[in-house]
Structures are given as C-alpha cells and as structure tokens.
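K.L.:
Protein chains in written order, with our numbering: chain A, 1 to 382; chain B, 1001 to 1382; chain C, 2001 to 2382; chain D, 3001 to 3382.
Worth double-checking, as some hints may not be accurate.
As the list claims (entries may be wrong) - Derived SDA-like pairs: lysine to any residue, alpha-carbon spacing no greater than 20 Å straight-line:
(1) K2022/C - L2331/C
(2) K2340/C - I3165/D
(3) K3009/D - D1010/B
(4) K1169/B - D332/A
(5) K333/A - D1166/B
(6) K1307/B - L2331/C
(7) K2333/C - I3165/D
(8) K169/A - S1288/B
(9) K2333/C - A377/A
(10) K335/A - A1124/B
Derived by calculation from the structure, the hints in this document are not laboratory data.
Protein chains: 4
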Amino acid sequence: MSQMDYWLKDQQARGVDIDAAKAKLKKLDIHVPLWLYRDTGTRFGRVHQEDSATADNIFEVAAALHKITGCLSSIVAGGAVAPEDVARTKARAEANGLKVSTVHGSYTTSEGLYYGSLTNATSAIRKEFTEYMLKQIEAMRVYGAKYLSIWLPDGTNFPGQGNFIDRKKWLIECLQEAYDHLDPDMIMLLEYKFFEPAFYHTDISDWGTACALCRRLGPQAKVIMDFGHHAQGTNVEHILANLIDENMLGALHVNASKYGDDDLIAGAHQPYRLFLIFLELVLAERYSGFDMADIALTVDQCLTMEKKMPGTIMTVENVQIAYAKALLVNLDKLKELQMKNDVVGAAMTLKDAFECDVRPLLRMVRAESGLPVDPFAAVAGL
Amino acid sequence: MSQMDYWLKDQQARGVDIDAAKAKLKKLDIHVPLWLYRDTGTRFGRVHQEDSATADNIFEVAAALHKITGCLSSIVAGGAVAPEDVARTKARAEANGLKVSTVHGSYTTSEGLYYGSLTNATSAIRKEFTEYMLKQIEAMRVYGAKYLSIWLPDGTNFPGQGNFIDRKKWLIECLQEAYDHLDPDMIMLLEYKFFEPAFYHTDISDWGTACALCRRLGPQAKVIMDFGHHAQGTNVEHILANLIDENMLGALHVNASKYGDDDLIAGAHQPYRLFLIFLELVLAERYSGFDMADIALTVDQCLTMEKKMPGTIMTVENVQIAYAKALLVNLDKLKELQMKNDVVGAAMTLKDAFECDVRPLLRMVRAESGLPVDPFAAVAGL
Amino acid sequence: MSQMDYWLKDQQARGVDIDAAKAKLKKLDIHVPLWLYRDTGTRFGRVHQEDSATADNIFEVAAALHKITGCLSSIVAGGAVAPEDVARTKARAEANGLKVSTVHGSYTTSEGLYYGSLTNATSAIRKEFTEYMLKQIEAMRVYGAKYLSIWLPDGTNFPGQGNFIDRKKWLIECLQEAYDHLDPDMIMLLEYKFFEPAFYHTDISDWGTACALCRRLGPQAKVIMDFGHHAQGTNVEHILANLIDENMLGALHVNASKYGDDDLIAGAHQPYRLFLIFLELVLAERYSGFDMADIALTVDQCLTMEKKMPGTIMTVENVQIAYAKALLVNLDKLKELQMKNDVVGAAMTLKDAFECDVRPLLRMVRAESGLPVDPFAAVAGL
Amino acid sequence: MSQMDYWLKDQQARGVDIDAAKAKLKKLDIHVPLWLYRDTGTRFGRVHQEDSATADNIFEVAAALHKITGCLSSIVAGGAVAPEDVARTKARAEANGLKVSTVHGSYTTSEGLYYGSLTNATSAIRKEFTEYMLKQIEAMRVYGAKYLSIWLPDGTNFPGQGNFIDRKKWLIECLQEAYDHLDPDMIMLLEYKFFEPAFYHTDISDWGTACALCRRLGPQAKVIMDFGHHAQGTNVEHILANLIDENMLGALHVNASKYGDDDLIAGAHQPYRLFLIFLELVLAERYSGFDMADIALTVDQCLTMEKKMPGTIMTVENVQIAYAKALLVNLDKLKELQMKNDVVGAAMTLKDAFECDVRPLLRMVRAESGLPVDPFAAVAGL
C-alpha cells in the first residue's frame, strides 16, 4: 500500500469527501495586485529586493507565478485612468494570460493625504477624487473588471481636527455619486481600517461603519475585510461570519499581522487563525448559500524583507494549507458536538483536521492540474 | 471684582453662553444601578467596603446620594420578577424619592453561564431566558420603566465550540419574541462587549453587531455603549458619533477602563476622553437634532478598592467636570477652523476649553440648585 | 511498508533524529496545581462541572490523570501551612504516587486584596504575609518541594492611589526576608502579570520588573513566565529567550489567552505560538546549556466551560504536539538559512516541521512508555 | 484684588510653593531634533507643510522657536559624521545660539533595514555600523555633546527568520566596542521599541531588554523611554518610576500616541497621562535624589498634518501645562492619604491639581523670563 493510499484511507475513516475537497482546491482563485511583485517599503524608507519586478517585466513576472501556482491570474490594477494607460495595461495582461478583475485607486496624493480625500473639508478636493472614481469606473468597463476597490487613507490625527459626522456626510455624497455610475454587474468594495496613516480616527474604521455606508449606498456596495485592519484581540473569523450573514462580504484581503496592518505573509504567524477564517467560508458554503466565487479573495501584502518570488509562493502555500485543512473538518460531527455543548469534543474536532498533514493532498491536486508539484523548486528554477 | 466675576468675564471673552451651560448642567440625570452601592468583587473574591449599602438600607443610601448630588434619582433595578419583589422595590423607591427607569436582568445563572442564555444550543434554556425577559417587561409596566437593558454573558471560549450563525439566529428569535411584547414607549437596550466572561468570542461583540441586531428587531431596539467594552485603542467617541448618526444610541454606560471592562470610576484615568465623549453629545445636540434626555446616561462601575460613598461622588464630579468643559467649547470657532483644515488651531480650541477650571461653575450650579457646594464634605458628614 | 515506516523514513529524510526526540518526549514533566481539577469561575460567578474533583477525591483524580498521561505526577499545592494540613497533603500525595514540587500560596485574603499584601501601606499586613511566606517554606521542607511560587494580586486601581517606589521597597524587604530563609536547593519563583485584579498598575507588571527584583534578592530567585500575562501583541517567545539568556527563567505557566489572563487550554487558539515557545526551549538546550529539567513547566489554567478530565487531556495533547513539532525542526538547516538572511527559507524551515502530523510519533512514545495510546478514550472510560 | 492675586491665594491655600514651581518651570530644557522642523511622512508618502524648514534655514527656524519659548536651545543632530559636515553643523548651531547636546544616527541604510544593522547575520555589516558609531563619538567630541542616542530598526518579520540570542550577542559586541570609546562624561542612550519597522520581533523590544543590555555595557549606558514605544495598555509612568529607581533612565522621548509609535504632539490625546509622567519626575526629585537635569527630555514627534511652527508651540505648551500641574500636587497630603489607603482621597489629590488652570502661572513665568506671554501669537507673527 502506498503512502498516499494510507493517507486517503485515513481521511476516509475521518468521514471526509476528498474528491469534493480536491474540486474546491482546484477552483481556488487568488486575486493579486501587481504591486505585490514590486519594491515597497516602510515609513523609514524603500526596500529593494533583487527579484522584484520592474515596470517593464511585471506582467511577465505575474504570468510566471500564475503558471507555477495555477491560481494567480486575476489581477488587481492600480488606479491609472488615462485611456492609453488602461489600454496598455489591458493588452499586457491579456498577452500574458491574465485578467484585470479589480481596480484599486490611490487616494493619497499629497493634498489628499494631509486632510482627507472624500472627507476633506474642501469641497474642490472631494470633487476631484469623486471624478477620479468615475474615471476608474470607465477603466473598469475597458478591463471588464468587476470590482471597484476603495481604501481611503482619510482620518484625523487630533481630537477636534475634524467633525466626524460632517466627514461622514461628505463621504456618503461622494461615494453615492460613484455608486450611481456603476454598471449592474459591478461591485463597489469599501475597506475599513482601524488606524494608519491617521492615528486619532479613521473615517471607515470598522466593519460596522463600512456596513452602515454600504446600506446607504445600495446592494452593489460590499465590504472588504483585510485580516490586519482590526484592533488587537479582535475575533476576525466572527466578523467574517457576520459579514456573510448580513450579505455584506465582497472581498477578503489576505495577509498576516502581529500588531497592526503589518501586511506580512498570510499564515506565517498564526496559521490556526487562517484555518479558522477558511473554516467560516467552508461553513457558509455548507449552511448559508454562500459561494466563494462571489467574493474576491485578494492578497494584500507588502513584502519588504522577503524576496518577492518565494514570498508569493509561501503565501499561496499557506493559503492552500489553511483551506485544505478547513475542508477536512467533519462538519456533521462538529455540529453534533456543538448541539450537545461538548466543548472539548467540538474544539478537538477542529484540531483533528488541523493536525493532518495536507501537503500530500496539495501535491495530488497540483499534479492533477498539471502544475509543478513543488512550487518552491519551480520558482527557484526561474 | 470678585473671583467669580473674573471667571465669568473670561468665559464671556471666550464666546461662551454660561447661562445655557448652567441650564444643561442642571438637567443632568445620571441613572444608577442599585448594586453600585453594594459589595462586589473580582474573580479572585468578593471585597467588602465598610460603607457599602445592605439589602436593608440600600434605598436610603441611594436617596442620600441623590440628595447631595441632585442627579441620581433614576434607578436601574435588577431583574427580580416575582410580583411581590417588584411591588416592594417600587414602594421603597418611591418612598425615597427615587424612580425605576430601567430593568437590567441577569443572564448568568450557572447553567446560562456555561454555554450561553439566548444563544444556548439547548432550546429549553433559550426558552427559559426568553420567558424571563417577558416577565421583566411586566415588571417594567409596574415600575413605569422605560428601558429593558440587556447584557448577555454569552460567548464561547474555544474555536469550534459554537456556530456563530446558529447562535445569532437563536439570539434574534429570542429577542424578537421579547421585542414584540414591548409597549410602544418602551426601549429594548442591547449592550455589546468585546470580551469577558467568554474569551474566544462574545455573541454581541461590537457596535456593528448590536446595530445589525437592532435593525432586525425594529425601531424600539437601541444600543448601549459601555465605555469599557471595546478593544484597546478604539476611538470610543467616534463610535458614539456614529451611533447617534445611525439613530441607534439608547444608553451610555459610564465608567473608566485601562485594559478591559475594568469598571473603574469615570474620568479617573483619561479625563480628556470623557470630555471628548461629552463633546460628541454636545455637538449632536447642536447639529444633529439629538436630545440628551432621549438616552439613559447610566453609571456602570464596580467599586472594589474605593469606598462606595465618596467613590460615587467622585464619579459625579468627574462627569460634571467633563460635561461642563464640553459645554465651554466654542463650537463656531471649532467649525471655522475645521473648515480651514487648521489642525493645530482646531485641536487647541478643544484644549482651550479643557484647560479651564470649571469647578467654580459647578459650585455656582449647585448653589443655585440648593445642593451642597462641596459634595465630598457632605458625604463625609453623613 | 507500514504507515509508521513511511513516517519514520520521511523524518529521516528531513534530517531529524527521532530517537532523540522520543527520549525528550518521554521525559516531559508537567507540574499541575491540584485546583485545576476543581470547580472554578469568573467574576460573574462560580461554574460547576459534573466531572470536577471534590476535596475528598482530588488526589485520586490527579493520580488517574497521571496514570493515563504519564507526565502529571508533580503537584502544585496551595498555601495551606497548618502542620496537620501539610502532613495530610503529603501523605495523600504519596499514597497516590504523586509528589509536591511546588507551594503556591494565596495573597488574596480580603484585606490583602483591597490594598495589597507585600506592598500594602500598612506594615502589619506586610508582616502578616511575610510570615505566611516563612510558613510556606517550612511546608516546602516537609514536602521536599523545590519551588516557592509567588504571584501577588497587588496593584492599584487609580493614579495616585499608591507610590510605585514605596511599594517596590516594601516588596523587596518582604521578599528578602523570605528569600533569606530558603534552603540552598530551594527556588523562589516570582510571577509577573500585566493587569488584573488591579487595573491601573500591578506591582510586578512585566519581566523587566521581575528580573530587577530577582537580581536584588539573589541567585535562588527566578521568574515565572505565564503565557497570558502580557500585553496584546507581545512576542512571548522572545521574552522567553531573553529570560533564559539572562539565567532568570524558573518556571513557565502554560495556558492560552486571546485577550488577557484568560487561562484557557494551552494551544487551543494559537498552536503555532505554543510551537514557537517550545522551539525556544529546544534551541536553548542545543545552544545555551539550558536544561528543561531545571524549570517547572506548569499548567495554569482555569477550566470553566470545559469538563475537567478531557480538558486536562486536551492540554497534555496540545503541549505534546507542540513539543514534538519543535523537536522535528532541522536546527542546522535553520541556522544555515538564518546566516544567509534567507527569510522565506528560514520561515519555511519552521513550517516544514509544524506541518508534519506528529500524532503517530506520540502514539509510539505512549506505547513504548506503557501508556494508553488514545488518552481521550482512556479518560472517557474512567 | 487682581485675578492673579486670587490665583496665587488659591494655590497658597492648597499648600503649594509657587516660587519653587516657577523656578522649576524656568529651568525646563527640551531637547529637540532638527528634523522636527522639516518635512516628513508616513509609509504612504512624504507630506509637505508650507512652514517646514529647509536645509538652508533650519538653524534659523530652530533659533526663532527657541527665542519664543526659551527652552529649545539643546539640539539633537543627525548622524552625519564627515568632519566638514560636523564642523558646519557646529558653526551654524553656535551662530544661532544653539548647542548640540545629542547625536542620533540612522541605522536604516537600505541594507541595514533589510536584515538589521548591529544584529545583522553578516559580520561585515555589523562592523560597518560599529565604525559608524565610533565616528559619531568623534563628532560628539567636536560638538561637546553628552549623548549618543541609539535607536535601531533591527528586528525580524517572521518566526524563524533570526535567532534571538545570536542577534543579542552580536548586538552586545557592537555596542561594547562603541561604549569602550566613550569619554567619561558621555552617555550612551539605548532606545527600546515594541514594534515597527519589524513586526515579528524587535531586538530591543522593551525596557527590560534595554536595561539588561545597559547592565552588561556599564554605568554610562542608559535607557531612552519613548512614550509611544509600548504595547497598548502599558502603564508608562510605572515603567518610568522603575527606570529611575534602577538608575537606568537617560532620556525621555516626548510625544503622544493612540495606537503605536504615532509620534503625535505630546499631550494632545491624553493630557492626564502626560501629567502623570511629569508627576513621577517631580516625585523622584522629591524622594529619590533624582535631578531632572540629568536626563535629556527630548521631543520625538513626526508632524505630518500639523504645521511645524504652531505644532512645536503646541508641544511646548502641553509639556509646560503638564509639568506645572504636576508641580501643584500637594505631595505631603498625597503621601498621607496613600499611607491611610484612602483611595478616593489620594486619587482626588491628583485631580485637585490637574483641574487647576495653570495658564496664568505659565504667563507669569514667561513674563518674568522675558519671553512672549502668548507664544502662539508670537509664532503667527514670524
């Protein structure tokens, strides 16, 4: 009996449908912003990595990583809105087998960063950024992109600096104007963030605020949950469940954090949390009519100390491991123990899946999908 | 020229309407749970204070403190629902010039604490607690109380222990049944809490969750914001502004905290934060049609190391100082500087009020209201 | 080829010495306070579990759990100091094959809890608690116990309540008197804690304070690190490494926490962190002359929602899994990659061990030690 | 009777020696890094303020602000070590009536930022930064500067990336070499920081680590406490008291923070905390033989949204207010109430000073020192 046969027999004994799990894993689609592959930095300065992409080769780099992983073809484009830039981006993406799924603009021009973009007390600046959103929507039409992804650096540093409610009204006015220009199949994504770059308050500080805004805008407005945009100690998977239950989840920004919006490699510090997040998605597909294809699972990391290419592979590996383990949870048994208030039993049901080594399963999935079985080796060989 | 004349002249120069401020201060009504005056403790044991009230004299103690402060006549009663208990409580309150404004039950019977009350997987327990709510509503009718105040200790300690969404559905079902029994002038108050006594998740963990529940229930459901029920670093005054703007604020639970739900004396650690909280209320009255009389400003403290009587006076003193300073902010000047993005100017406009010594104003208000000018001395003389 | 053979071959390929790992796992000795098996609670009330031990059967329960796990024979006794109590505890422990390794007294008599024990401004109270420590040392002589374990609930709730430095001086005086009574083979353990039950300051708030105290006392004073006694976001394994490097580590209090001193089951929420903690111990044994037998690895949990017996098994299971995985890290490869600043490579070297399923190894170790291979089944059968 | 007479009479009644307080306030010396006056930013980009200093006029700007405030003549110079740069800086400082008290180098060259400076696994890089320290010490000799101020961006982003103890050893080696080159009247200052720019661990993460390093180096090594370099919820004033008691305090980095190292204007968010910090300094001067002149009280802020000139005035104003209020605390009364465990009384003794309006006192001090009574007006008129 081969080692793989043993593995499959074990899983059968655990009551898991491995074929269903494999099918799910094969459909995994991770959206990725192009800037993931480029140099980035901290407030103390820019950091260069020798394997960073350049403006010239970035689509080729993205394509190479998609070819190895099989799940990185959906691209998040920056907010360049000049028609020639949009056309060129589209052409380069297509030439490399990629597709722009999302437009994610920058609201941090120097003036906007000072005192806000869509919440700036100066109406001319609000107008400028509103028009910028409209142009992004035009770009989306060119790309055939579904998501207008919005994160604002807006907030204040001092008590008294701004009036929370004035700013909220301005924000709604601006967003509403953009919302009204969306095509019916477009989704406006609003991202909340606990702090940074503003430190006293951020205008969209938590999921409650983001939901309140989406409710005012309409059903095409949804929330982005970035794993690192919460206070210390926040139960992120609970918020995720709530967002799905409120029909408000539009996207997940995948990364890891220890303190704030650290934008580190997903699963590198708390793999169990990443597993619990995926478990909520698996539970929602089972019980809540949720479909993972309806949200944009997006990498939002800022690799500084890590080389870009193996760092990206590590991201995918960790996500796949977390997802695979979540798919190995025996949901029927879990529910049964929950209904009996068997606390240790229910907790151990999760651990029983988490402790499995799922790397044999990932290798099988990769082989069946015609992908390199060892993506680290593949990327090292580029 | 007397010292008070100088003080008033200074305020006039600052552009503040002192008569309006005095009128507001005189109307301040702080709801107070009777158990504030009784012994309490920590998980390590009960703590006795020599000036704690007993079951026998608690209404007399409450009345004495109201007589000194002039703002403590609205009483929060526990959830005793036996008709004879309710009748006796009502009679004793009235005999002492007090009024039950709020019923706040306990959902922590031993069985409920284990695995939840309204979110317990066992339907019989959920039913038991639902019926308890209905009886509390009956008690409210006897008292003429406006508020049904609900804080649940419900939550889980371990990943997997419960299904977030199942629990949310059960919770809504139970609350809806109680909600449907409310009289038209009653308000159901839902309190959220970040953690404790459950540590992995609490079912109503944040204001976003509380608002979502209230929206499903109906317009008589409102949110309680306890200052200490948030993650570290949370901007509480921003949430307060949001709750008012969403028409969701029902009550404030006043206290201080450094780490969690420490339930310390309000304003003792971060008086500037208490000032900022009152400033949001003052701003909402000025700009948002809000009326402070529409919410229950309630003390929710757990005095362990502090003597009860002076501790209560310290609470009132700190609240009055914070409110008085908020009333001294020149709102017109603040708005003007905000609209010009004058960050330092706007921030200093708040500080300019906060740095005033408002104790002369409080003494004036007390004297005009026929109250002891020095409440600490008055309580020491009891 | 059997499944186990495959497993062993894989580990051989990873460059791991499985025999050495098994030897380490067999020596694991987890000290356990007797109260782990008894009812406990939160500040909202006591919680009863049907399988809790009683005063009558507690030694039998402890013995039964040791018989199943093979690593729970070292007992932490409470601070009862009456000679007859000490004699009885000793006799009952020995009759059940257990050994008192540690005396851990309570400094929370009501008076002490109010305003401190060894830091109380009233010298008579400090004297009382100092004498209590001396009596505990006498009890240690009877038991043949090595550790005097000290956690103080001392601290203040309000700025101004106490003078930090006065209290520190009093604390050192009291501890020094006890320290001077220690036998040469005894260790005084000082536990630090970030907050609770005091909320403004705790007198021994962090490892820096604990080390400063130990340095003044002498080489027989060491620090207890409880995993849950830190601020949110603290890198606990880094502190652990520092304590070992400063020759200050005396004991670890093993548990899990999400917010504060939650005292949940170790490894239930962040198994990767538990792995990283054990990795520091493994690294210290390899590189720093550290010996795990020189510290007291002690469970410090407070089971409320969990049944005591399976909860204890889950604790042991999680600890063994974490330790086993740490023993599977290829330390040579790790060092080599660290020296090359290969960030992803080094990070993946840890993950490469963590992702292994070590339960086959644990079953092998148990079988070889004559213990039940499935301890959950064994405890269910009691 | 004038308003000031009333004020003085009140303070006399409070038992405060106003002449002593005035003398202390007049001696206040706030060290200031030149870059405070220049443009700065966040990780999202640089922010320009219209009143920022340029390379050309920075000494003139610093001199102008010192002329208005009377307390900003001690300058922190960056780490430029070329002899011609050092000479020019010295000449420009002296020509403007300023004095370089401190040299604060940058350890964030791109290579250093990647993987550490003094903790880098590559010995050549450690050597390079060590030599840089030696050159800074030479520059200190030219300047007649007392302080070598060291903050390292060193740390790791991932578990496994580095070995904590290897890095600590390298760090000590490098620091020791620099320490051994210090002149007898020089102080080496080590700054700790909880996180950022590294997110998994920082090599000098807390005051315990910093003290441990200083102890190994020798008595001329002291600790810098930056108010914003701690975990959420940390009692900063307690650490300050401990550092003084351990004779380890070398400098304070003054600023405000709400989440992390926000570097906001001191006292703008939690003025009571700033007051409590100054109270510890006042207590230490009274009871512990501490002298405020022995430490470097240094502004460490990063003004982005605020204009530089009024922002600096606001900093000084807030510091002076906090210090003045701390000087108004009746320390004898405080001690007496602490010794009686009168919690509310002791807490209110602090509040009794904090609630005083000390701006009349500051105006008196400024007038007597020949400084503009209203520094905001003075700076606006520049």
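K.L.:
Each hint needs a verdict: does it hold in this structure or not?
P.N.:
Consistency of the hints with the structure:
1. K2022/C - L2331/C: 17 Å, holds
2. K2340/C - I3165/D: Roughly 17 Å between the alpha carbons, so the hint for K2340/C and I3165/D holds.
3. K3009/D - D1010/B: Status holds; Cα separation ~19 Å.
4. K1169/B - D332/A: Holds, because 19 Å separates the two Cα atoms, which is no more than 20 Å.
5. K333/A - D1166/B: Satisfied, since the Cα-Cα distance of roughly 15 Å is no more than 20 Å.
6. K1307/B - L2331/C: 58 Å, violated
7. K2333/C - I3165/D: Within the cut-off at roughly 17 Å; holds.
8. K169/A - S1288/B: 12 Å, holds
9. K2333/C - A377/A: Status holds; Cα separation ~17 Å.
10. K335/A - A1124/B: 18 Å, holds
Checked against the numbered hints above, the structure breaks only hint 6 and satisfies the rest.
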